[in-house]
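**Student:** For this one, chain V is given, so just place chains L and H on it according to the hints.
Chains V, L and H, in that order, are what the protein sequence lines are.
To convert, note that position 320 of the first sequence is 320 in the numbering used here; the numbers rise steadily by one, no gaps.
With the second sequence counted from 1, adding 369 to any position gets you the numbering used here.
With the third sequence counted from 1, adding 736 to any position gets you the numbering used here.
Read the hints as simulated data drawn from the structure, not as lab findings.
There's no promise every hint is true.
[As the list claims (entries may be wrong)] Output of the computed footprint for chain L on chain H, the stretches with three or more beta carbons under 8 Å from beta carbons of chain L:
1) 753-764
2) 768-776
3) 779-790
4) 794-800
Just so you know, even glycine gets a beta-carbon here, dropped at the ideal spot from N, CA and C.
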Amino acid sequence: MKEQIVSKDAQQGKATRISQPVDFSKFSCPLPLQDYPNVILGHGGGGKLSRELLEHIFLPAFKNIHLDRLGDSTVFDIASGRLAFSTDSYVVQPLFFPGGSIGDLAINGTVNDLSMSGARPLYLSAGFIIEEGFPIVQLKRIADDMGAAARRAGVAIIAGDTKVVQRGHGDGCYINTSGVGVVPPGIDIGPHRAQPGDTIMVSGTLGDHGMAIMSVREGLEFESQIESDSAPLHAMVADILVACLDVHVLRDPTRGGLSASLNEIAASSGCGIVVEEANIPINPTVHSACEILGLDPLLVANEGKLICIVPPEAAAQVLDAIRKSPFGASAAVIGNVVSEHPGLVVAKTAIGGSRVITLPIGEQLPRIC
Amino acid sequence: MKYLTEYRDSERVKRLAAEISRIVTKPWAIMEVCGGQTHSIIRNGIDQILPDAIEMIHGPGCPVCVTPLEIIDQALAIASLPNVIFCSFGDMLRVPGSTENLFKIQGAGGDIRVVYSPLDALNIARQNPDKEVVFLAIGFETTAPANAMSVKLAKEHAINNYSVLVSHVLVPPAIEAIMNSPGNRVDGFLAAGHVCCVTGFAAYPALCKRYKIPIVVTGFEPLDLLEGIRRTILQLESGQAKLENAYARVVREPGNVAAQLVINDVFELTDRAWRGIGVIPNSGWQLSNAYRDYDAEIKFPVSDIQPCESPMCRAGDILKGAIKPNECAAFGKECTPRNPLGATMVSGEGACAAYYNYGRLVQLESQ
Amino acid sequence: MCLAVPGQIESIFDKDGTRMGKVNFGGVVKEVCLAYLPDIQIGDYAIVHVGFAISQIDELSAQETLRTFAELGMLEDELEELRATDSEERTHSGPVNPR
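So that you can see chain V by itself, here it is in the shape it has in the complex:
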């Protein structure tokens, strides 16, 4: 009589199917992934179903030797010196939007956070909290996006985790990525380092990401060519550091846009900031979209841009370096750090007036007034 192999799940009382007897030496998963079109609670249980997700979705997408070892933790060598470490969680809705997905954000976001310290990003972890019922094809797409983004950024995802929560909790998929990078010697970058006289520049057009999300948000949707600018900035930062080792501040203006970042820098450094509105690069269609909804582009999120503050004598060559690097073609000088009005960010309007750019209180909302 042929033996029937009873799966571990069945032993634990979980629903399963009995397989045909197979040769252990050529053991392969008897439950093909396509039989589960949606994520179920078992996929987070740490057992066979979790393993399936790993083998059919995450490993093929993230492809690297570290992950293939599948230990409880990953051990790696690192050059001596200073390390940068960062973490961020991604809960964007919708998960897929013009120009990208939560997967792109999850990788580029942490790569950029590390890069803003001047670090060269090396390794990332990825933790997933997935809602029961989430379609597997969407999870695969997210994972593939992450793998592609990681390769583009020159980083490897070497640790990860998956949990599944009950239907009704979790908005589809949340992702946390943490990352580690190496900071070259001689670098001291931080918001406190801005000094009166410094030149402030941005690496490109502002407001693209936030308005791309708006364009697909229920109740506010519109058609346009606007796409998220999600991109890895590690190469741009490397180019900047070649042009000027003594960069004072690097900051990626994500939530709260340019305004939040400049206000934080002004507060941290105890200096004032003045920007010329007419010099701030904004895509005309993004401008139009902001006009219709009554939003200020300076408060809208970006996911592939940086603010760079340098001593004035280095400004020209840093601007040149940014413009020649990937994603930096539209870079522009937008203002200066000043000693007046410490802690306040002021914009000179195109018509010669000025307005204070305030720290946004919570999310910016469309208005009718």
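**Tutor:** Chains L and H in isolation, oriented as in the chain V frame:
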């Protein structure tokens, strides 16, 4: 954007500002009664390029600032009900009620949705037949055609899970209330251009005559605002008091007749309480009898509303131009944009919020 | 209460008995209710507030206004120039001879 960006040309703006400086010989106070105009003035720094002799007083032109506390508290009570999807324009979410705001209700589990148009709220009602969808229908006359159409369509298509909480206010009665209030300093008005797109401007010449003030229908871009101000100053300097239309590319005397027909069908005139000012007779619109079934006030009677304004808040005096924001004892201390006591500190174009942000700069520069 | 923006009508269609259109605002296209502008045509411009077109832009009037703004101040500049030239001539050559 065509028909928008051209009216922001900085060279022409500077020349127009210089022209205004040339013609003004004494101090004048001009009020705009339109939140959109207030926003544009602050956002572009227009009052800074005007000669010192001209004072811009920001009037009660933002529905965020003047929606009565009772309505806000009602909105909050309805939004807290289970099975209700509460829809609103974004402006209203942070406005403080007696004890909380829509954001906090959302935090506590309320289903609150920001929409761009009342038609979006109507769509949400279509898509969620098992829920009650309530739309906070506020605004001046500009927004009334949109709000009215959503109710008309709800009735036509029997979308009976849709209802509106109405708080419409009108500009001409506000102008009268300002002119009648003791200590009024306003010499001339900029009339809200987009309100007049809808209503036309037939109601204004009588106000010019009664109060002997110039009223100029004005647009929103820097060139439009400066032109409205220029024409007002010209009249003031030459002792005139008439209505002029400085926004002729979109405003005509009859207004939008099709919109007026629908408004007259869906709404009827009513007394309205203006937050901080008090009741102004015949200064608002409510749903007419034919549409009472879509009135959220009737559908969701919420009793036990005891509106309680902060005793320190002086938004009313500020809206009338009687005092400046920094003359309020709570300004910048108990009352800040993060912790607003009144609506004028919440809205980006509320006089207090604007003053808080710009005023700090002036203070620091003069140190 | 007046955030209304100019856009160009790209298409007009009926939606459940209501006149609607696709309007292009500088590259952003949104569906807008045209019920209040029954005579507006494709290619025309309108002012749109919260998803409703409330007024057609009179393009002739718009061009006229822009011309006025362009000329305003320019006239004054020209007069200033004339005055400056005039006073220079007086300084150099005495009173202007009557022609």
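**Student:** With reference to the structure, classify each hint as holding or not holding.
**Tutor:** Outcome of the hint check:
Remark: the segment 753-764 of chain H is confirmed as covered by chain L, as 4 of its residues place a Cβ nearer than 8 Å to a Cβ of that chain, reaching the required three. Here's how the segment 768-776 of chain H fares: 5 of its residues keep a CB closer than 8 Å to some CB of chain L, so the rule of at least three is met and the hint holds. Look at the segment 779-790 of chain H against chain L: 7 of its residues bring a Cβ nearer than 8 Å to a Cβ of that chain, three or more, so the hint holds. Using a Cβ-Cβ cut-off of 8 Å, 4 residues of the segment 794-800 of chain H lie near chain L, which meets the minimum of three, so the contact claim holds.
In this structure, every one of the numbered hints holds.
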